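> Listed below, chain by chain, are the residues.
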Amino acid sequence: MADLSTTFAGIKSPNPFWLASAPPTNSAYQINKAFEQGWGGAVWKTIGAPVLNVSSRYGGYEYKGNKLVAINNVELISDRPLEVNLREIREVKKLWSGRAVIVSAMVESKPEAWHDVVMKIEDTGADGIELNYGCPHGMSERGMGAAVGQVPEYCTMITEWVTSVASIPVIVKLTPNVTDITKPALAAVQAKADALSLINTINSIIGVDLDNFQLKPNVGGKGSHGGYAGPAVKPVALHMLSAVAQEEAVQRVGLPISGMGGIQTWRDAAEFLLLGATSLQVCTAVMHYGFRIIEDLTEGLSNWLDEKGIKSVGEIIGASVPRVSDFGDFDLSYKVVARIDPETCTNCNLCYIACDEGAHQCIDLTVDGHKIDPASYAGSVKPIPVVREDDCVGCNLCSLVCPVDSCITMLEVDSGRDSITWKELTSQKPEVLNWDEMEKYRREVGIKIH
Amino acid sequence: MDGSKLSLDELKDRFSEIKPALSKREASIEANRCLYCFDAPCIAACPTSIDVPTFIHKISTDNVLGAATTILEANLLAATCSRVCPVEELCEGACVLGTDHKPIEIGRLQRYAMDYLYDRDLMPLTTAPPNGKKVAVIGAGPAGLSCAGELAKLGYQVTVLEKQNLPGGLSTYGIVVMREPIRIALEEVEFVKKLGVEIKTGVEVGKDISAKDLLEQYDAVFIATGMGKVPDLGIPGEDLSGVSEALSFIAETKLAEKEGLERLSKLPVGRRVAVIGAGNTAIDAATIAKRLGADNVTIVYRRSAEEMPAYDFEYEFIKNEGVEFRFLSQPLEILGENGQVSGLRCDKMQLGEPGDDGRHQVSPVPNSEFTLECDQVIKAIGQEKLLELFAAFELELKRGYVKVDETLRSSNPQVFAGGDCIRAGGLAMTVTATEDGKIAAKSIHNWLLETTS
Ligand SMILES: Cc1cc2nc3c(=O)[nH]c(=O)nc-3n(C[C@H](O)[C@H](O)[C@H](O)COP(=O)(O)OP(=O)(O)OC[C@H]3O[C@@H](n4cnc5c(N)ncnc54)[C@H](O)[C@@H]3O)c2cc1C
Ligand SMILES: Cc1cc2nc3c(=O)[nH]c(=O)nc-3n(C[C@H](O)[C@H](O)[C@H](O)COP(=O)(O)O)c2cc1C
Ligand code: SF4
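One line per chain: the protein sequences are A and B, in this order. Sequence positions in the first sequence follow the numbering used here and run 67 to 516. Sequence positions in the second sequence follow the numbering used here and run 1130 to 1582.
Looking at chain A on its own, in the form it has when it is part of the complex:
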């Protein structure tokens, strides 16, 4: 059993799994229940400015019969009175000294307001504060949430208001609704934040009701962009996480990152860890299935680490970050080609049509080794798809659409060319930026474009 215990900016938890600040962390009742089931920590539903929520708040993205591939919401921060939240936070922390209890906060953009809420939070005994610079709706219009997170200068300013008075770790939660996530991240670093967390929800409209043209969710005939979260956002979150984890300024001060956005299984969790997350937060998956998923999250992660012979979760944090590279550093001579195993092929021909119409026309349908034209072929023998490996550009598409496990493999082959990157090529031969020279270069080294 691998060691899953985690220390994040000095905050200890028995495993890296925390509940994200959201409906599942709305009350002591819920967090007590979650801790009983093994959650390592919880970030309290954002407290702060007074709000009024609307009714009809969430929309679900159902894809091909799978419910809740993603959720979107127009919910605000906690609508329970501040005092009630503070009292319950204190109770929870007292009961669960070994678990991470973090409080998410968002108040008006005034130093006094922030100072005040920091003091109140510290008074509860909580382990840390998370600054919610992410809420993309409702709060941003009032100059809070994403309105802060999208402007690096505001981000620095407010973070400084907090770090200058806080004695417990300060985590800045970033909004993904920016073109370059590293900008607000660096702003937080500059303001001496102790840690970062990401991503908050993504601006989205989940859909339109075709019967009555109403937006989803529908609030009395109106709709709005809301925050998008859940399994579908994971690739976006992984990218933003790796971009921040790669930042030199972040690495230099060793700033830990709490990763979230689409974590549902231990496999997702492992990917976040490999790309640089030290702790992990979960919201939508719990909203869908309940706290009980923690059993598989911890056990699955631990079993996987055991299988790999890795003793503790700390050993894999950021292990894949050095592989995150620029396109310009890729080896242009690396080559893979697709190969279809005729034994396991079921003749669905999805690879054929994908390559023929969506890629590079390198798969033939064949009978007895002879290419046939599917439009005119009338024989009784089922044609078999075969890759013309010389023409295959190695784009992976056929293997991605193939429904049979390991039927199409991408084989590494020797291109016969010396390894070279785009950066090297264009510095050695800047002339290739001209088409004629490019063609000449291709002929020289033997690059054939099919």
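Just so you know, these hints were derived from the structure itself, not from any lab. Possibly wrong hints are sitting among the right ones.
Unchecked claim - Where chain A lies over chain B, by a calculated footprint (3+ residues, C-beta under 8 Å):
(1) 1177-1189
(2) 1192-1200
(3) 1502-1515
Stated by the list, open to error - When the alpha-carbon atoms are kept at most 25 Å apart in a straight line, the in silico BS3-like pairs for lysine-lysine are as follows:
(4) Lys401/A / Lys288/A
(5) Lys300/A / Lys1153/B
(6) Lys1153/B / Lys130/A
Keep in mind the model is a prediction, meaning the values are calculated, not measured. Where is the CB? At the ideal position from N, CA and C, for every residue including glycine.
With chain A held as given, fit chain B with the ligands onto it using these hints.
Using the frame of chain A, we list chain B with the ligands on its own:
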């Protein structure tokens, strides 16, 4: 009677597991179809209360070892159960998807998880340090193994005494090869042994060691002896060559398959076979006879189709196998020629008033005798109770079964009992026997804790 006339390939087809194993992708798709219900009805429908949604969720995330662990925590004989449980009546029958879609294939997913574990020889369970107490278990069938394994987990020194050469009880000797090959039953036994259980085969309690000695040498005894052999019909002709009893007939195919198809092809089988009785055992024996290559197999039953103890799906299955039925037919004599079976003389029966058990009384139709031509007769009219053994422990009985309270304790406070030896007919299943083992282990543990503290 000759050996099977079928080719080895044909035999292989006929004696392979009926439901094939799921591939990784099939398992993943099926597991992802599961709704992961909260407080799910499938859990309540499983006699051992396996946390079905949790283990299926774990398969869906490819935490298959975790899935197997969840299963084993509730049921140590889950590899057998996944193959032999009447899932239509249990977990899958309760699946909420059953109402408007297809229920989840819980049994096959469970098998997928257990195969994963056994293929890799993994041991996810931990055992407590030895507590110095000794328990004897009589019978290495599902009830005995389950109890022994659960007690070993708690730190007991457990010895299982088994009269047969191979452990496993009916999983080894009784359940047809197409549902469970011996290999699986024995793998499961090995797993229980790894928990620290000692199994002594070829030791019959009451013969090789007395009840009295056991009670003296062990702190507690668990009786899990199942049932005895199929009783005689009590009609003339039973000693003719070609007359056998269903359990030995099935056991021969199990042992033969273990040694290979070659051996299976040499098993003698009649051309025209009559099977007497209509319970699960009769159905199984008839299936085996048919699959070994008999031209015609007829089940002869004294009552009507409605009263058959077999499940509906078994009845459907066996009809598809091409087995014929003679309902309302009472065997009177097995006829022979040159010492070899040549036919079965029967009376036609008629239904009368329903009896105490709700089943109709039957009585012979006057002058209705007929003869069914056959060269093999297989008796499958239930199993005898092991009264001698129960008497040696001086146990109170209830209709021939050991009388127990809800903690599975018998009239002797030191003796507990479970499995087929406490339970009649339809409810006697591998999974109920397994649950009995669990309950008894808990009761023995609670009792020994009490008496020593
Ligand atoms: C033909 C057949 C098919 C079946 N098919 C199914 C099925 O598909 N699904 C299902 O759920 N159930 C099925 N069952 C029922 C299931 O096999 C039993 O309910 C289950 O095996 C009972 O377990 P047990 O441990 O009580 O008894 P058993 O499995 O009978 O084991 C008892 C063990 O005790 C040993 N023993 C007996 N006396 C002594 C003694 N004096 N000393 C030492 N050892 C002794 C026996 O040799 C035996 O190994 C089937 C039964 C039969 C007969
Ligand atoms: C309904 C809902 C309400 C949320 N409320 C908050 C909030 O109050 N404060 C906050 O920082 N994040 C909030 N979030 C964002 C989550 O904390 C988290 O960043 C996001 O959902 C991504 O994780 P997930 O994919 O696991 O859901 C909310 C998300 C949802 C779905
Ligand atoms: S989950 Fe359903 S019942 Fe509960 S608050 Fe939301 S709409 Fe109401």
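> Quick one: which hint numbers does this structure break? Sort them smallest to largest.
3 and 4
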